[in-house]
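Given next are the chains, with one letter for each unit.
Protein chains: 4
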Amino acid sequence: MIVVMKPGCAQQDVDHVVELIRQYGLKDHVIVGTDRTVVAAIGDKRGLDMSAIENAPMVDNMVPILKPYKVASKEVKREPSVIRLPNGATMGGKKFSVIAGPCSVEDEKQLLTTAEAVKKAGAIGLRGGAFKPRTNPYEFQGLGEAGLKLLAKAREVTGLAVCTEVMSIDQMDLVAHYADILQIGTRNMHNFNLLAAAGKTQKPVMLKRGWSAELKEFLLAAEYIMNEGNQQVILCERGIRTHEQYVRNTLPLAIIPAVKNESHLPIVIDPSQGTGHAYMVPSMCKASLAAGADGLLIEVHPDPEHAMTDGAQSITTDTFAKTMEELRRIADAVDREV
Amino acid sequence: MIVVMKPGCAQQDVDHVVELIRQYGLKDHVIVGTDRTVVAAIGDKRGLDMSAIENAPMVDNMVPILKPYKVASKEVKREPSVIRLPNGATMGGKKFSVIAGPCSVEDEKQLLTTAEAVKKAGAIGLRGGAFKPRTNPYEFQGLGEAGLKLLAKAREVTGLAVCTEVMSIDQMDLVAHYADILQIGTRNMHNFNLLAAAGKTQKPVMLKRGWSAELKEFLLAAEYIMNEGNQQVILCERGIRTHEQYVRNTLPLAIIPAVKNESHLPIVIDPSQGTGHAYMVPSMCKASLAAGADGLLIEVHPDPEHAMTDGAQSITTDTFAKTMEELRRIADAVDREV
Amino acid sequence: MIVVMKPGCAQQDVDHVVELIRQYGLKDHVIVGTDRTVVAAIGDKRGLDMSAIENAPMVDNMVPILKPYKVASKEVKREPSVIRLPNGATMGGKKFSVIAGPCSVEDEKQLLTTAEAVKKAGAIGLRGGAFKPRTNPYEFQGLGEAGLKLLAKAREVTGLAVCTEVMSIDQMDLVAHYADILQIGTRNMHNFNLLAAAGKTQKPVMLKRGWSAELKEFLLAAEYIMNEGNQQVILCERGIRTHEQYVRNTLPLAIIPAVKNESHLPIVIDPSQGTGHAYMVPSMCKASLAAGADGLLIEVHPDPEHAMTDGAQSITTDTFAKTMEELRRIADAVDREV
Amino acid sequence: MIVVMKPGCAQQDVDHVVELIRQYGLKDHVIVGTDRTVVAAIGDKRGLDMSAIENAPMVDNMVPILKPYKVASKEVKREPSVIRLPNGATMGGKKFSVIAGPCSVEDEKQLLTTAEAVKKAGAIGLRGGAFKPRTNPYEFQGLGEAGLKLLAKAREVTGLAVCTEVMSIDQMDLVAHYADILQIGTRNMHNFNLLAAAGKTQKPVMLKRGWSAELKEFLLAAEYIMNEGNQQVILCERGIRTHEQYVRNTLPLAIIPAVKNESHLPIVIDPSQGTGHAYMVPSMCKASLAAGADGLLIEVHPDPEHAMTDGAQSITTDTFAKTMEELRRIADAVDREV
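Chains as they are written, first to last, in our numbering: chain S, 68 to 405; chain V, 68 to 405; chain W, 68 to 405; chain B, 68 to 405.
Do not rely on the hints blindly, as some may be mistaken.
When chains are identical, the list treats them as one kind, so a pair holds in a single copy or across two.
Unchecked claim - The list that follows gives simulated cross-link-like pairs (lysine to aspartate or glutamate, EDC-like), each with its CA atoms no further than 20 Å apart:
(1) Lys-270 x Glu-223
(2) Lys-73 x Glu-372
(3) Lys-267 x Asp-237
(4) Lys-161 x Glu-393
(5) Lys-162 x Glu-393
(6) Lys-389 x Asp-399
(7) Lys-94 x Glu-372
(8) Lys-220 x Glu-284
(9) Lys-187 x Asp-402
(10) Lys-283 x Glu-206
(11) Lys-137 x Asp-102
(12) Lys-283 x Asp-127
(13) Lys-267 x Glu-295
(14) Lys-216 x Glu-142
(15) Lys-144 x Asp-102
In short, the hints are calculated from the structure, not lab data.
Model the full assembly from the supplied sequences, consistent with the hints where possible.
This is the structure:
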């Protein structure tokens, strides 16, 4: 932590800051510059909120030096993590792993049709919501356990790993019973109790970034899970809120190299939520692979015009199959496998 | 809902859209313009996700007409709602109601000192976190029930109403037992299960806006609570995430006239979270009152330099008392009371 | 400047950074922390782009310490600047100075009607665009010099100071001939050649913040003007672009205390551009005064429904008069004058 | 344009809106829905500001239907435009065209070394700033005409097309004399006079998107150029301002399919400005190609650590050569050429 003093501060102002730093159990180091005096606080300050030093007399501002995350960082584990799923598939590694399926589980026919189609096209997992977080209380809220049972049936038929969302702690056991991957949605990335509960299971967790979370907050959310003993966290970027109107969310693909630079965890992209428009999805799938992502989470529906949720951003099973073909060619070019 | 067709669409494309609209149980109305044909869908579509019509052939885009919220809207109830608290104070109405206190409950001395000071200066409520949502798992997480007991004791001593955060459903009964106002934090505005659980209590709810929630999402979150039978919702603006760096959050005070235009619910401002810097707080308190807000939620600490959380944005009890004096003068000028 | 090394860096990596710092003519200072080594570069680095040190081996990131602006800062001049206008009015100081008028000068009747009404209600200046920056090339682009002549006539009749926009260097002499205050629009805040040209005149400059400019960029834009010898810069906040949809722009009033903390220049608020909706304007006028702004720039039109530009955000002359009355009461309460 | 009335509006309110619409020379069409009445205004309204109807009694809001841009749209020209450069290269079409070079022209050795290296690696154009828009007035402002002469010399030696920025109208003739492509920077996208001046030349224009411009504003800026008779506009995305801190700008690659959907103009990506960090650039180059962009604009420097500007985001000539190899493999996979 660096404390920057205002110009013209007196020795007693600097002394006061030094004293505060020592009260926190840290070592101080004063540097007198040409215009400014700065005081460095040396030691591991993670877990201390020292921000109030900002309010001490003649302090201008404070600059953190240490990154706040630990176990998710490459400092702790340099080699990339590879998450293994019960069906033998992996997330993170040479394989570019695609999980696809409908936004919501609607009925057996819809789910099995989709599952068989995405399996045939090369997906390794099936996504589908049984519990749906809906902004609007008047909209379809999901089939609940009946939906989870349909997902399990689809897994039995196709061998796909099942990825589905858990929205609250009281659903955790139920969802974990049926799912191969527990999805934490963007609206719950900051729901720390839910993160901790997911950390107590032994299931891989698909953690979606909050739509205005900073990268460090995203990695700290992963740490809430990992600190409970569950290291199997897959990061998922699903777009952020900006002033842009031609998309429902802005998809910031530079998070791929950023995560690779900071963390050992795999990162996948959700181009459906990440754009909001079906016609943009194939383009963003290809960009994600070329940029170095570890996989995709895509919304696919056999009849998007009649989807109960998110039809606007769901691609058809035909478009999915065609996109997988295109991804296969790019994968060859970047030494990956689809 | 208005469906805008692409230029050059054929009659069959329009017919297909008309058919989809009828499948949703709505009435269609086609308008042929000079450049574009549009198809209006008439009827109450709240609860239907028709967005997938966007993917029908030759559809350009879709435009919603109805606002999605109902019971929070002025359409349903024109006169402003006034929430009554057990200590006789009100939120919404002529009184500009100030709730103040520390970010976290730390110990008895800190809490009682603060409570007595803010009571004396004119606050009607005491805020203070016993359960703390922390981005960083290594930071102080709150005193839990011990903190709630201290809040109850402070209420007994001062007569202030207690406002404190509930983070998960399993804490709901416990927090509701001690609190006069249940606070739902910004990170949980989209935690729909938690909202519904708060709606099942009979306690007033202080609902903080998600830091990148749209206004309509904010009002829909209120409806999750109200639909369970609890009409006592107080909206709280606490700042949004933008590109601005000189603040921790950008405080958009135009939400005050916007809420007054759309809803009957009271709206209060949190200038502490809303700026992140103590020196900005008095200025934003005064602006909130002048803009027509119903009250404030402020972080006050007897010794911010040693606060365990949010010291940078907490004002001292002295600054609070001085600010209340200034608010009293402005209240006179705008026919309100502090 | 603080250079933060990655964990595990070697002595030679630190030595390389030290060498780079010395090549820039600065003094180095190495601090070995428990987890990280940081290297401080001491000396005035404004004007040097040292960012590339970020790319040196084992450098993690760089942290600037010095603020980049100088002559606009309170470090150089502690007391607030007061700009004097030819009609005797001032910007900055005890008086809360209101400049009002139509978005565009349309014709003599419209302009004089407005000018007389705003003068009577207490405005000190008349705004009105003769050259209009329009996003859409097919829309009304302003009356040009004919508009400037009408503004001069309105000044003659009412005694109001004239504030009008200059869009390009070739218009500078012409606009400066007629205007009392040269307005630089939000789209030109980063048009450095135009800023320098305005700095070569002796006219006060109303500098509008770019709609996504940072505070430091705003103050640096002021310095482009001031460095040419013109110290008469008035800062104007007119709203920023964010994800918010219920406003055309988000009005961040915390910039008022922020500017007061950093700079000696006056700051005024444009609540018309700053919200985009006429019904929000009175509320934001009052909030600006209470927050400590030095004045307002407001769009007023005698018949907004038929305004050629910006009718949606223009208030009527009646609403303006009523708002001025309300401002007068608040001014008393905050020891200011309207 | 659709005018949405408030619930409970009277017939006279609807009649008033109808009258306003007719005053604008448009045809009205009233639709009475179950909850709301809406009035459609039929006819080409581009060029009219009807927004003030929003302020008429009992009007809730207004919804535009027509896109405001014309000549840049696919409605006017369906096949993609291909811009031909004097050296025979093209922008738009099967070829993925890469323009590379230093942020600033610094001296002959730096420029020629870079030009020869990027030519050898497969670039078709050389970028380099002679006039530099600098946020900070104390920083290097470019070599001016001397820089342009060096660019011309590099073209002579390598055959690369020269792309360089023009910042103001008075520089237009000079820059157009030396350049093959006139670059309009992000800070000038809304500088309408400059756009019109570029439209009067016969040179291709590289138009960078304003860092918070909407897509429609970007295309309207292109129309300012095209309306003057110059159809050779190349759109360039260079990142937008958001809350994200791990990048200098957020690069929204979904703009590639969006532009392809709306316009016939080519679109290229600037991954250097678009991220701000050299280590992210190769990843974003590959993603841009896979997503369907028409080319790149990249900052390359032989010695980024000593670059006078933008060193942090400049890649070395070696990294550039390696990236071009990787792009070639991906180009094969997506039926393009590098």
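### Query
Checking Lys-389 and Asp-399: alpha-carbon separation at most 20 Å within a copy, between copies, both or neither?
both (16 Å within a copy, 17 Å between copies)
### Task
Can you give me the call for Lys-267 and Glu-295, within, between, both or neither, at a CA distance of at most 20 Å?
within (6 Å within a copy, 31 Å between copies)
### Intra- versus inter-subunit Cα pairing at 20 Å for Lys-283 with Glu-206
This pair counts as between: shortest inter-copy Cα distance 15 Å, intra-copy 33 Å.
### Query
Under a CA distance limit of 20 Å, which applies to Lys-270 and Glu-223: within one copy, between copies, both, or neither?
within (18 Å within a copy, 46 Å between copies)
#### Entry: Status of Asp-237 relative to Lys-267 across identical chains (alpha carbons, at most 20 Å)
Both ways: Lys-267 and Asp-237 sit 13 Å apart in one copy and 17 Å across, limit 20 Å.
### Task
Pop the pair Lys-162 and Glu-393 into one bin, within, between, both or neither, using alpha-carbon distances up to 20 Å.
both (15 Å within a copy, 19 Å between copies)
#### Entry: Intra- versus inter-copy proximity for Asp-102 and Lys-144 (alpha-carbon distance at most 20 Å)
The answer is between: 15 Å across copies meets 20 Å, while 40 Å in one copy does not.
### Task
Go through the copies and call it for Lys-283 and Asp-127: within, between, both or neither, with a Cα cutoff of 20 Å.
For Lys-283 and Asp-127, the Cα distance is within 20 Å only across copies (15 Å; inside one copy 24 Å).
### Query
Is it within, between, both or neither when you check Lys-216 against Glu-142 at 20 Å Cα-Cα?
neither (41 Å within a copy, 42 Å between copies)
### Query
With identical chains treated as interchangeable, where does the CA-CA distance between Lys-94 and Glu-372 reach 20 Å or less: within a copy, between copies, both, or neither?
Between copies, since 18 Å is at most 20 Å while 63 Å is not.
### Query
Are the CA atoms of Lys-161 and Glu-393 at most 20 Å apart within a copy, between copies, both, or neither?
both (17 Å within a copy, 17 Å between copies)
### Task
With 20 Å as the alpha-carbon cut-off, assign the pair Lys-187 and Asp-402 to within, between, both or neither.
neither (22 Å within a copy, 25 Å between copies)
The structure does not agree with the numbered hints 8, 9, 14 stated previously, though it agrees with the rest.
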